[in-house]
Each structure stands twice: as C-alpha cells, then as structure tokens.
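Go by the hints and put chain Y onto chain D.
Residues per chain, in single letters:
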Amino acid sequence: MTKVTMTVNGRSVAGDVEDRTLLVDFLRSNLGLTGTHVGCDTSQCGACVVHVDGRAVKSCTMLAVQASGADVTTIEGIGTPEALHPVQEAFRENHALQCGFCTPGMIMATVDLIKRKGTDLDEATVRHELDGNICRCTGYHNIVKAVLSAAEKMAGAKAAAE
Amino acid sequence: MYETTYHRPGSIAEAAAMLSKAADGKLLAGGQTLIPTMKQRLASPSDLVDIGGLAELQGITVGGGTVTIGAGTKHGEVAGSADVAAAIPALGALAEGIGDPHVRQMGTLGGSIANNDPAADYPAAVVGLGATVTTSKRTIAGDDFFTGMFETALDEGEIVTKVAFPVPAKAGYAKFPNPASRYAMVGVMVSKGTDGAVRVAVTGAGPCVFRVPAMEAALAANWSPAALDGIAVSAADLNADIHGSAEYRANLVTVMAKRAVAAAG
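Line by line, the protein sequences give chains D and Y. Residue numbering for the first sequence follows numbering that gives the first Met the number 0, starting at 0 and increasing by one per position. Residue numbering for the second sequence follows numbering that gives the first Met the number 0, starting at 0 and increasing by one per position.
Check each hint, because a few of them may be wrong.
To be verified - Think about it this way: if two alpha-carbon atoms lie no more than 20 Å apart in a straight line, the pair counts; the simulated SDA-like pairs of lysine to any residue are:
id, chain 1, residue 1, chain 2, residue 2
1, D, K116, Y, A92
2, D, K116, D, K144
3, D, K2, Y, G9
4, Y, K20, Y, D49
5, Y, K38, D, E17
6, D, K2, Y, D49
7, D, K114, D, G76
Since the hints were derived computationally from the structure, they do not count as laboratory data.
Next up, chain Y with everything else stripped away, as it sits in the complex:
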C-alpha cells in the first residue's frame, strides 16, 4: 500500500471539508473494497476520510411504508434486523448474502452503492425496489444513481447519507454467487409495488445494474415464474470472464429472475 493520510471527521460537514482540501482524497466507510484495492496498489488516495463511525450515518428506521437505512449501516446490521425482515425480507436476505460474515460486519450500504461494482448486490436492491438515495446535497432516484461501471451520479465530494426503500407488496432476490468471491455472477431483484408496478433489476451480468422491461411487463400481467418462460436478455452487452461467458450469464438472468419471483411468493 502506498502512503496515505488518515482523517477521522466528527460530522458529514467536516468530512466534506476534509475531502475538498485533499489532493486526491477518498471516503473510507467499511473499507472492504477500498483497502484491498489499496493493498494491491490499484488505488493510491493521498488522504482517507473515515466516515465509517459517523453517528449521523447509522441506523435503520421503518415507518410510513418506507425502510430508511443510514449509509454507514453495516450489511450485517441490515441482515440481522428484525424490522427489515418484517418489512422487506428480500432486502435482509440480500444483505445476508454479501461477502462473508466478517465483511458484512464492516462493509456499508453507502460504500457499496457509491463504489458501484458491477457485481455488487445492493445496486439490484436500490433499482429493483425503486429506492431513493439521499446525499449531502440532494436526493437522487435509484434509477438515475448508477450510471456505468464503477460510475454513479455522485458529484465530486458528494456523500451518500441514506437510502429509502419503499416497502413493496412483494419482493424477492436470487443470486448465483461466484463460489470464491461471493460476488454476484448474476443477481436479480424483483418487486411488485403497492401500486402494482413491477421492477426487475439485474446485477452482475452487465457493466452496471439494469432493468428488464420485457420481464416487468410479463410479471405485471402474470406474477409467476412461468410468466418469464422464453424471455431472455441479449448476451451482446453482458460481462464475460473466466467464470462464465456472456451467453451463460444471459441464461442465468432468466433463471435467477424466476427464482426471485418464486422467493417473493
């Protein structure tokens, strides 16, 4: 790891100020992606601003048909929350499948979505449940937040503070994890809102989370795994690596979407 200078701010405002003064500063939340990346010398921030312990970023509140999760909330806290399990069980199940127990006790929701790894789980939840992201400057619709591989709508120095997930009528998440890394080869979140609107969001398959309108239309007409028979995404723009070809991932999208609908019930 290259040299860096560590800062521990006492508030979001102080964190933003520290970040703006740094030559090439980065926010450190749980560090479960950033620190391994720095160890490999693939990242070399001049300064680290540690927002992992900021009280104003912590906590889960459920009310008014919404589950609101502070950006600094750990995956393990979401996975272990009885409130989340009661309101959106698919969200708790998704958090329980991220990485491993030790990663889940450090990694945060805000860190995951700000990094926007193409194979991360949380982007599927944010888009698949139609969540709203709140930052230090504004609110951003989940559909507009993820803009490309490791790219988001966040401006320089903008800090994710919380994410509000509307409680759906039904939701399910199914993931085919890479057996070594536990990242999603393909993960699919499906939901049916209280207004009947259906969402199908896919992570792991492409450069960035995406929705599948053909599946959404089919499920809106008939909410059952069988409704997805014969509906497949094109392999043209999907990821291909040693773990699976683009065609393999395209097939997995339909398989995981069906399993997600079955899980949602």
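So here's chain D without its partners, still in its complex pose:
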C-alpha cells in the first residue's frame, strides 16, 4: 500500500491505496465522491472526467498514485445545488441530459473546453471537443446547445464584470 495525498475540491485528503488503484476508484471508494462515474472502464466514454492540475483527464485512465500531490476537482467541486455553475445551469435549461449518467463528465469537459478555447465557440468546435464524451440518450443535440449557451452566458457575465 502507498500513501497518497492530494487536494480534492479544495480539501487536503490522504489515503492508503494499492499502486494499481485508479484515480476514479480512489475518488469514489475512498473519498465517497460518487459524482464521478465509470461508464465504460475502457477510456472511451468520458463519464469519469475530472480536472487534475487544471487539465481535464479521464480518471479511469490515471492511477491514484500518479495524482499524488496534485490538485483535483470533481463534479462535486463545481457549483452547489443552491447555486449551480453556469454550465450546469445551461444543461438544465437546455434539457441536455436524460438519464444523467454521462452528465458529470460532460460538465467537467465543458468547463475545461471553455477554459481552453474561450467563450467564442462555434458548433463544429464544440462537437469536435466532445469527441471524448459519449451520451446514449440525447443524440448530443441539446448538449451542444447547452455548451454554446453556457459559453455565451459566461462571456456575458465576464463582460458585465469588466
């Protein structure tokens, strides 16, 4: 067993794990943060996307020991039930989910996308950037609408703040 320490959603955490433990299993089983989902377990579906040191990664394709010392953000660290993150709000408004299983990964991927590419997005960019996230309910149409809507609102909020 190896002791890992990391910051998760702003909180310092530690745990003893086998070296082969995946980051997603550490988050879910050791920390009880079950918002991060395991959809495929083969690095395809993106339901497990979290941010590690500011980069969106598939937590089923990273070992917990690899993330030792890192700053991790999960879906639980994005918004609250009372004050949703603008991306979460846009998914709700645009009916961008049905069963909701892929949604945590979609939200984390979208937050990362807007951080990297800015708020001036077009549909083709959004579809390309969602390559790593699979949804089996929506046909993606409303997800793309939600991402574009979130980007627009975040651009407006940024302009208002300036």
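Chain Y alone, transformed into the frame defined by chain D:
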C-alpha cells in the same frame, strides 16, 4: 489490473536506474495506452516508472529551422502551441486529431512513438517530416526508428528524450479516423523540405509507418494532388480488420495523400 509497483523518479538518469533494477519494468508517460492495456490484463509490468512529470522532458522550442519537442510534451500542448502552428501547422493539426481532448491532455509524444502503434499518428509525422529522435543514449534518424508493429530501434532501458522536426517548405497531414477510436484507418503526412526533398509517410495502413517512393517522385516533379492520380500502394501487406479490407486501405492511402497535398497548399 494485476499488481504493480509505482515509482516516480526525479530525473532521466534515475528513471533509467529504476528501470534497470525492475524485474519487468515499464516507463509510464501519459499512460493513455499503457493503463488501458494493463486494465485489460494484456500487460502486467512488475514496476511502473513514471516519467510523465519530468521537467527535462517538457517543452517546445523553435529555432534554427527546427521544432524541438520534449518527449513528455502532451499532444494538447503541441496542438495548442502558437509556435508549432506558425512553424509546422501540419504538426499541430496532427496533434489536434489524436484521440480526444482528455487523451490529448495526458498522452505524450515520446509515449506515442515508443509504443509505435501501427495506427498512431505521430509516427507519420516523425517519418514524413524527416525528424530526428534523441534518446538517453544517442540520436536516431526518424527513418530508422520504427522497425515493425509495436517495435522500435530503442534498446532495453533506452528513453526517448526529444524529437527534432526540421521545418519544411510545405507539409500537410490528412487522416481518415476510425470513427470510434479516432486512431488512423489511414493517415498520410506529406512534406517538401527546404532542399526540395519530398516525403510521403503512411500510418494506419500497414503494420508500421512506411514511405511511398512512387508518390514522392511524382510530387517532386509536380507538387499537386493530381500528380498522385493512378499511383496506388499494393494491398498485399496492408492491415485488414472489421473496419476495412486491405484493398480499402490501399485506396485510402492515395485519397489521403491527395488531401494532405491539398492541405499543404
């Protein structure tokens, strides 16, 4: 996943020492191929030596007609680099098409070429641009680096440290991605060097990246997609699977080569 022991070295020298002591050690860079392979129990290294965060493997430098990329540089960093986009836009475009955004934020150049998946993108860039691979022991010409399916010229314990891509006069990359995996069904990098030398490198179609001398000669005489009319590779040694027959891939090679020339302008 079978049990393994994780190590995080502070330098390339320390990584090499850790690797040499391990019973069946493997280097872990971004892990975007190795970890899925371990999860499927198709690989079971006794030890993992994590070089993904080593500072001496990071970074992109452009100068002297060369783009030099550290082996630990992530695909997303190459794709997002304004310096790469200005010097060799085809290289940035190739990196932008690897896997998906999350894979690109973990996967590395060194990991990709050391693994030498027959359908990986970077081997086409290394051969198609005439790059030079530097390792912990020596430099290896791109043409000599890839030796067969998942096989390279690397010795046991030898670590890729950086790759130097000469800036060409023109280059273009076109890929027909497998719609599920985004790996190349066929990917073709074409380039014309500042000395006029033409390269056409094909990935995804065969067991290993290869050049197409007939296309190179035709493009040297006439740099245009039309110059490739009627020039096809033999399907005899190409890959065939549920996604496409060898003949289908042979046809795609010519189609992608033409698109790559068109993209290069």
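Problem set entry | Hints violated by the structure (listed by number, smallest first) | No hint contradicted; all consistent.
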